[in-house]
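S.K.: Kindly generate the complete structure, drawing on both the sequences and the hints.
Protein chains in written order, with the working numbering: chain R, 1 to 453; chain G, 1 to 278; chain Y, 1 to 455.
Keep in mind the hints are simulated off the structure, nothing from the lab.
Fair warning: this is a prediction, and the values are worked out from it, not measured in the lab.
There may be inaccurate statements among the hints.
Facing chain G, from chain Y, some residues (calculated, C-beta under 10 angstroms) [said to hold, decoys possible]:
| id | residue |
| --- | --- |
| 1 | P334 |
| 2 | R335 |
| 3 | A336 |
| 4 | M337 |
| 5 | G340 |
| 6 | S341 |
| 7 | L342 |
| 8 | M354 |
| 9 | A359 |
| 10 | L361 |
With a straight-line Cα cutoff of 25 angstroms, these simulated DMTMM-like cross-link-like pairs (lysine to aspartate or glutamate) come out [to be verified]:
| id | chain 1 | residue 1 | chain 2 | residue 2 |
| --- | --- | --- | --- | --- |
| 11 | G | K144 | R | D13 |
| 12 | R | K34 | G | D101 |
| 13 | R | K265 | Y | E452 |
| 14 | Y | K449 | G | D169 |
| 15 | R | K21 | G | E108 |
| 16 | R | K176 | R | E71 |
| 17 | G | K119 | Y | D328 |
| 18 | R | K34 | G | E108 |
| 19 | R | K34 | G | D48 |
| 20 | R | K176 | R | E99 |
| 21 | Y | K348 | G | D101 |
| 22 | R | K21 | G | D169 |
| 23 | G | K156 | R | D130 |
| 24 | G | K119 | G | E163 |
| 25 | R | K21 | G | D95 |
| 26 | Y | K449 | R | E260 |
| 27 | Y | K449 | R | E261 |
| 28 | R | K34 | G | D81 |
| 29 | Y | K348 | G | E214 |
| 30 | Y | K348 | G | D81 |
| 31 | Y | K348 | G | E84 |
| 32 | Y | K348 | R | E30 |
| 33 | G | K162 | G | D149 |
| 34 | G | K157 | G | E214 |
| 35 | Y | K163 | R | E261 |
| 36 | R | K21 | G | E84 |
| 37 | Y | K348 | G | D97 |
DEER-style ranges, computed between Cβ atoms [claimed, not checked]:
| id | chain 1 | residue 1 | chain 2 | residue 2 | range |
| --- | --- | --- | --- | --- | --- |
| 38 | Y | A8 | R | N439 | 38 to 46 angstroms |
| 39 | R | A339 | Y | R451 | 26 to 34 angstroms |
| 40 | G | S176 | R | T7 | 31 to 39 angstroms |
C-beta atoms are modelled at their ideal positions from N, C-alpha and C, and glycine is treated no differently.
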Amino acid sequence: MTEILETEAAANDRRRAQVRKSLARRNGAETRFKLLGLASVLAAMAFVAVLFGNILMKGVPAFWQYNLDAEVFFDPAVINVPERPVQQPGQSAADFQAEMLAWQRRLALVNWNRLITASVQGAGAGVEIDDRSAVSVIDSGARFVLRDMVAADPALIGQTRTVRLLLSADGDNWAKGKLSRDLPDSRQQLSRPARDTIDALIASGAVHRSFAWHIFTNVDSRASPASAGLAGAFMGSFYMMLVVILLAVPVGVASALYLEEFAPKNRITDLIEVNINNLAAVPSIVFGLLGAAVFINIFHLPLSAPLVGGLVLTLMTLPTIIIATRSALRAVPPSLRQAALGIGASKMQMVFHHVLPVTFPGILTASIIGVAQALGETAPLLLIGMNAFVANIPATPLDQSAALPVQVYLWQGNENRNFFEERTFAAIIVLLGLMILLNALAIWLRTRLERKA
Amino acid sequence: MNATPESRAPLSGSRIRPSAPASVASSVSRISARDVTVHYGPKQAIFDVSIEIPEKSVTAFIGPSGCGKSTFLRCFNRMNDTIEGCKVGGLITIDGDDIHDPSLDVVELRARVGMVFQKPNPFPKSIYDNIAYGPRIHGLVKTKAETDDLVESSLKKAGLWKEVADRLDAPGTGLSGGQQQRLCIARTIATGPEVILMDEPCSALDPIATSIVEDLIHELRAQYTIIIVTHSMQQAARVSQKTAFFHLGKLIEYGETEQIFVNPKEKQTEAYITGRIG
Amino acid sequence: MTSLLIAALVLALMAVAYQQGVSRSKALAGVGRLHSRPQYHGALLALWATLPLLLILFLWLVTSGTLQDWYIAGQIPAEIAPGTSEYAGAAARLRNIASGFGVAGEAQAWETAAGVNLARFNTTLLMAAVGLGAILGVAALVLMRGRLSARMRARNHVEAAIKALLIFCSVVAILTTLGIVVSLVAETLRFFTFVSPVDFFFGTVWNPGYSTTSNDASGSYGMLPLLLGTVMISVIAMAVALPVGLMSAIWLTQYANPRLRNVIKPVIEVLAGIPTIVYGFFALVTVGPALSGLGDLVGLRVNATSALTAGIVMGIMIIPFISSLSDDIIRQVPRAMRDGSLGLGATKSETIRMVIVPAALPGIVGAILLAVSRAIGETMIVVLAAGNAPILRFNPAEPTSTFTVTIVTALTGDADFASPQSLVAFALGLTLFVITLMLNIGALAIVRKYREQYE
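M.R.: Written as structure tokens, this is what we have:
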């Protein structure tokens with residue numbers, strides 16, 4: 001009896017020793033594995049940090065641009081135009097428009113650059129500067145600023161006004177120190193007098209940095225990059241989101257309601273389910289192809305129109321909204337349905353009076369997230385012609401327009417890389433800002449509504 | 001993850017509850033628990049339980065569901081460590097070793113104190129790999145021949161060898177419920193434990209499979225110290241030598257199985273056994 | 001102004017019908033017990049009354065343009081030949097006169113007369129449509145009002161109408177798929193009239209000639225270089241995303257304490273919400289030059305725009321996709337499985353490597369397939385950072401091209417829509433669609449089966 005016990009004890013001891021021997025190796029492996037996991041998480045977080053750090057660091061400076069507070073003399077000798085026409089009684093709208101256009105054409109023919117040259121030369125830099133160099137300091141959009149001032153108020157002619165003129169893209173680059181000062185004249189974008197003038201005017205305070213509101217209020221421009229803005233792209237995106245909200249959300253929710261609450265479980269609804277799940281994973285560019293082939297080529301809807309972009313994005317967002325709504329509906333406890341049916345409500349009444357209100361926060365969140373996703377989508381828009389350069393704010397969803405993500409694409413391709421890299425990051429900040437805003441709204445609404453419920 | 005020393009209540013060895021009689025010293029006391037408490041977050045699940053469990057016998061924990069018997073069982077191999085917010089206090093020793101001693105690795109403890117769960121939980125691997133898993137990770141086997149031997153002997157001890165000898169490569173999940181549970185027992189045996197904890201091992205099995213597992217427990221008693229949690233009083237009466245009755249996280253009565261069932265000392269025990277509570 | 005008036009008319013009709021239905025059914029309630037509440041009778045009547053009006057207005061909307069063109073054709077003198085720019089100009093002038101905007105300069109006498117006629121025609125047409133719709137609507141109202149009865153199952157009828165609307169909405173998703181398939185197949189077949197499918201699928205040279213006419217198929221259209229680029233970039237992306245994503249999911253589910261996890265998980269998922277154009281630009285101006293500089297340090301020539309740049313950035317984009325899918329899947333592995341392994345004395349990492357991951361493997365494979373399908377279809381990152389060089393070569397440090405890049409270049413260029421240079425985009429799109437579809441169906445089937453296993 002004791003013998004058996006002893007051999008058993010010996011066996012136990014041997015096993016314990018073996019286990020203990022394996023411990024160092026295994027605990028080492030455990031630590032390494034855990035560190036590997038931690039390292040992965042840190043790597044992922046580092047990517048987030050680098051991405052956002054990079055965007056902010058490069059994009060934020062673009063929101064401040066250099067301006068010249070110039071004394072502009074609206075020289076009547078230069079601005080040689082007749083009086084602004086007034087609509088005569090009995091004159092048809094078309095005739096008046098034609099006359100007005102003729103007057104504006106005269107105004108457009110004025111050599112506004114002469115006013116700009118004169119004011120740069122007279123700004124007191126103390127540098128001898130030729131006309132061409134003087135013009136190159138100021139953004140070419142300044143011409144239109146002066147023209148629009150006169151068009152709005154012809155009485156300005158002959159007077160002197162202090163006007164804040166944007167520096168040109170090259171001038172802004174120079175002022176921000178993005179251009180090397182060591183390069184020889186032949187390789188500089190700006191002539192020596194232009195560079196010296198800017199330096200002198202910065203020293204005197206006439207040229208200074210201020211917040212570039214025009215990024216939000218101006219449309220895109222090729223001729224005058226320094227004053228190019230996002231207003232057109234913003235409106236385009238706004239119209240598209242409007243279309244998505246008006247179409248994708250109701251259709252998506254209705255479709256989810258039918259599939260989850262009413263549809264019989266048979267092969268056809270199975271097919272619809274598989275179809276929706278697959279549609280959600282179809283690459284976005286394929287939706288662009290659909291838009292190009294069907295909306296543009298068959299229905300002849302206009303190219304570059306927010307309406308078409310909105311339709312394409314609607315089809316793309318639809319599966320997301322359907323899937324999210326269905327899972328929100330599925331989360332409603334069966335007891336609620338049974339209670340509603342139990343007191344004699346019809347199925348339709350049960351769904352619309354009891355189930356839908358409970359799932360409302362979930363549906364709302366899903367919709368906003370779907371819309372935010374659509375807001376950032378680029379590829380399908382390129383295929384329906386939205387990569388065209390548009391220098392207007394679209395008045396209706398059928399007008400040609402850009403969109404925010406497409407504007408990012410267009411600006412990154414601009415030849416003036418030095419200036420537009422920063423500007424592109426600024427556009428990205430605006431785009432991401434809007435998306436974050438939408439997501440924050442979704443979270444806020446959800447917590448608010450859920451607290452109420 | 002491991003329960004920190006601070007989380008354990010200070011030891012008060014002198015205070016022994018009357019329901020934990022010191023008179024069970026007829027056989028060597030292998031596992032000893034003193035003033036064990038368990039908290040799940042703010043909620044206390046076990047209140048100052050002290051118990052001495054004899055070697056090479058079957059001890060049954062019975063009591064109405066939610067009485068804490070499973071929670072208490074999981075203290076012996078520190079499985080409660082794996083539950084968020086669960087804190088264990090008091091002193092538990094096996095062969096005089098404190099199981100919460102920082103120098104004792106939880107891996108080492110669990111190799112000594114095996115566990116069989118309520119629902120058969122074979123790994124999604126072959127029958128062979130299910131058995132070999134423990135010995136391999138603990139470095140108990142070196143060669144293929146050693147592993148083969150150990151797999152065979154473990155399956156034989158669990159009474160499963162004849163049924164699966166010709167399909168060791170088949171997935172363990174393909175076996176019937178009773179076979180799966182015996183596979184889990186074999187898997188536990190393979191690591192060479194000294195104590196086997198069984199948490200309602202037959203609750204998911206049909207009556208025939210249950211009686212096979214009960215017979216197996218009976219045989220294993222010769223070699224292992226077994227603690228079994230069961231909700232079935234008949235099962236406790238059939239397989240165990242000692243029985244502990246728990247109620248609302250407290251150990252109400254502990255003694256020889258026959259005495260507990262025939263002549264319970266406590267009112268609550270009697271009430272439970274006669275079916276008035278639980 | 002007119003449209004507001006029409007909308008008001010529709011609303012008014014609806015309101016009157018609703019009110020009629022309610023009052024009529026209330027009157028009926030005195031006779032016998034109503035089957036449905038009065039509101040349903042009202043809604044039913046409103047539905048009946050407005051439906052004909054809306055239908056006719058819709059018809060007017062669709063046909064009025066054509067009808068107007070037809071009328072104008074009759075007004076313009078025969079010496080201005082249809083189809084010329086002169087004709088289009090004259091038609092535009094007529095429309096402007098008719099709308100009251102007028103034309104610049106003196107309108108010719110025939111123009112003024114035709115304009116007035118056109119205006120009258122337009123008004124008549126609209127009035128006819130509205131009048132007919134209103135009459136039909138009122139007729140339907142009166143007819144249905146008379147048929148209302150206490151036993152009428154008005155609620156059921158209204159609900160059937162709503163249900164029909166819901167069904168129509170569900171069909172939109174099907175129509176979308178159908179639209180995709182039909183349009184891609186049709187345009188691809190058109191493309192194959194220029195280029196043989198064999199040359200397209202097995203050709204090793206991609207060099208479509210430049211052409212603006214619609215039937216010039218010069219150049220080669222072999223898609224293999226694009227396929228290679230696509231596969232190479234996807235492989236690099238997965239090589240980045242899979243280890244990082246999977247290990248993050250493991251750490252977050254198995255090791256992190258819940259509070260930390262609740263902070264970290266959303267931060268990582270931010271990566272999933274960033275538009276791909278942002279990643280593309282980031283790759284182009286930051287990652288590309290950094291990789292190139294790194295290559296110089298170790299003496300390797302790495303192009304700033306290359307498969308490597310695009311692949312790495314795409315990998316970063318896919319990390320949250322892999323990690324959140326794996327997270328879900330790992331959590332579905334039953335706790336009993338984990339406890340069984342821990343109960344045997346396995347360490348946590350042993351449990352994860354030898355029990356949890358093998359148990360979750362089918363689900364993880366499904367997640368990987370979904371991620372690959374996403375990588376293959378990703379567009380903006382590769383458009384900006386892959387370099388658009390459709391050449392068959394295996395060096396990831398060189399520029400390359402993919403299906404998606406080529407689709408974008410083909411359809412954003414100056415080529416005519418009907419030319420093979422444009423149509424090839426649809427052949428590539430169809431190939432892309434079929435590949436991703438197969439990956440998705442496979443992945444969804446695996447994931448679904450996996451879920452069932454543990455439910």
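S.K.: Run every hint past the structure and note whether it holds.
M.R.: Structure-based check of each hint:
1. P334: 7 angstroms, holds
2. R335: 9 angstroms, holds
3. A336: Holds - the Cβ of A336(Y) comes within 10 angstroms of chain G, reaching about 4 angstroms at its closest.
4. M337: 6 angstroms, holds
5. G340: Holds. Min distance 4 angstroms.
6. S341: At 7 angstroms from the nearest chain G Cβ, S341(Y) passes the 10 angstroms test, so the hint holds.
7. L342: With Cβ-Cβ at 6 angstroms, under 10 angstroms, it holds.
8. M354: Interface hint status for M354(Y): holds (7 angstroms vs cutoff 10 angstroms).
9. A359: Holds, about 5 angstroms.
10. L361: Interface hint status for L361(Y): holds (9 angstroms vs cutoff 10 angstroms).
11. K144(G) x D13(R): With Cα atoms ~23 angstroms apart, K144(G) and D13(R) stay inside 25 angstroms; holds.
12. K34(R) x D101(G): Answer holds: K34(R) to D101(G) is near 23 angstroms, not above 25 angstroms.
13. K265(R) x E452(Y): Given pair K265(R), E452(Y) holds - Cα atoms ~18 angstroms apart, limit 25 angstroms.
14. K449(Y) x D169(G): Distance ~23 angstroms between K449(Y) and D169(G) Cα, so the pair holds.
15. K21(R) x E108(G): With a Cα-Cα distance of about 10 angstroms, the restraint between K21(R) and E108(G) holds, given a limit of 25 angstroms.
16. K176(R) x E71(R): It holds: about 23 angstroms lies between the C-alpha atoms, which stays within 25 angstroms.
17. K119(G) x D328(Y): 23 angstroms, holds
18. K34(R) x E108(G): Cα-Cα ~20 angstroms, so holds.
19. K34(R) x D48(G): 36 angstroms, violated
20. K176(R) x E99(R): 45 angstroms, violated
21. K348(Y) x D101(G): 20 angstroms, holds
22. K21(R) x D169(G): 30 angstroms, violated
23. K156(G) x D130(R): 104 angstroms, violated
24. K119(G) x E163(G): 20 angstroms, holds
25. K21(R) x D95(G): With a Cα-Cα distance of about 21 angstroms, the restraint between K21(R) and D95(G) holds, given a limit of 25 angstroms.
26. K449(Y) x E260(R): OK: K449(Y) and E260(R) at ~21 angstroms, within 25 angstroms.
27. K449(Y) x E261(R): 24 angstroms, holds
28. K34(R) x D81(G): This hinted pair holds, its Cα atoms lying about 18 angstroms apart.
29. K348(Y) x E214(G): 32 angstroms, violated
30. K348(Y) x D81(G): 12 angstroms, holds
31. K348(Y) x E84(G): 15 angstroms, holds
32. K348(Y) x E30(R): 7 angstroms, holds
33. K162(G) x D149(G): 15 angstroms, holds
34. K157(G) x E214(G): Since the Cα atoms of K157(G) and E214(G) sit roughly 13 angstroms apart, the hinted pair holds (cutoff 25 angstroms).
35. K163(Y) x E261(R): 11 angstroms, holds
36. K21(R) x E84(G): Not satisfied, since the Cα-Cα distance of roughly 30 angstroms exceeds 25 angstroms.
37. K348(Y) x D97(G): 24 angstroms, holds
38. A8(Y) x N439(R): 38 to 46 angstroms: 39 angstroms, holds
39. A339(R) x R451(Y): 26 to 34 angstroms: Distance hint for A339(R), R451(Y) holds at roughly 29 angstroms.
40. S176(G) x T7(R): 31 to 39 angstroms: 36 angstroms, holds
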